[in-house]
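Fit chain B to the known structure of chain A by using the hints.
Residue numbers (this note's numbering), protein chains in the order written: chain A, 704 to 818; chain B, -15 to 91.
The reader is advised that the hints may include incorrect statements.
Partial chain B-side listing against chain A, Cβ under 10 Å, derived [to be verified]: (1) -15; (2) -10; (3) 15; (4) 17; (5) 19; (6) 26; (7) 29; (8) 31; (9) 74; (10) 78; (11) 79; (12) 80; (13) 84.
No wet-lab data here; the hints were simulated from the structure. It should be emphasised that the depicted structure is a prediction, and the values quoted were computed from it without experimental measurement. All residues carry an ideal CB built from backbone N, CA and C; glycine is no exception.
Okay, here's what each chain looks like letter by letter:
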Amino acid sequence: EAAVTQSPRNKVAVTGGKVTLSCNQTNNHNNMYWYRQDTGHGLRLIHYSYGAGSTEKGDIPDGYKASRPSQENFSLILELATPSQTSVYFCASGDPGQSSQNTLYFGAGTRLSVL
Amino acid sequence: GQQVQQSPASLVLQEGENAELQCNFSTSLNSMQWFYQRPEGSLVSLFYNPSGTKQSGRLTSTTVIKERRSSLHISSSQITDSGTYLCATGGNNKLTFGQGTVLSVIP
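With the rest of the complex left out, here is chain A:
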């Protein structure tokens, strides 16, 4: 079973502060993703990566940066956090070339509150 670990699980930040959400996966997947989930919007893609050193913009990238320093780690960075970024953030990994299931494995989520 694929393992995706997010940290922290809960975070309270101040407006204007910097927030870094971390994600680690142990199954050597090439692709990793950051989603946010809000009531009424479902899961929306923020940034994703096809491998170490690559980051791509998703559907709602404004206000976020991403970093993929290694195959295992993918971070989401909020340089200047705003209350509108209060949400639950999910990291996921998956590798369509590796598995016929072609599915995603999700972390447990990070609940972020920006005050």
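Leaving out everything else, chain B in the frame of chain A:
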């Protein structure tokens, strides 16, 4: 871009009843998947089903590409089936999710 609509938005069942959840998408898909989100928030994959019918226990997924829809059938519902069911579609694992169906199964 791709739009994914799920219905109903919420559903209450008595234990033992069946449910049919629907997912409609706006453009041709390369991938159709169903996920289950537990009440505490964690997400697990149920089906990868780009076409045809797949079954796993009491769950059956049917995708009809020409009609741009997929359904998830839950038979003999149990209280532990409660949670949110999400469908997602897209290509190269860049998925677009629907807003989900919140299922509550009561005794």
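Going through the hints against the structure:
no.: 1; hint: -15; result: holds (7 Å)
no.: 2; hint: -10; result: holds (8 Å)
no.: 3; hint: 15; result: holds (6 Å)
no.: 4; hint: 17; result: holds (6 Å)
no.: 5; hint: 19; result: holds (8 Å)
no.: 6; hint: 26; result: holds (5 Å)
no.: 7; hint: 29; result: holds (4 Å)
no.: 8; hint: 31; result: holds (9 Å)
no.: 9; hint: 74; result: holds (9 Å)
no.: 10; hint: 78; result: holds (6 Å)
no.: 11; hint: 79; result: holds (7 Å)
no.: 12; hint: 80; result: holds (7 Å)
no.: 13; hint: 84; result: holds (6 Å)
Hint compliance for this structure: every hint is met.
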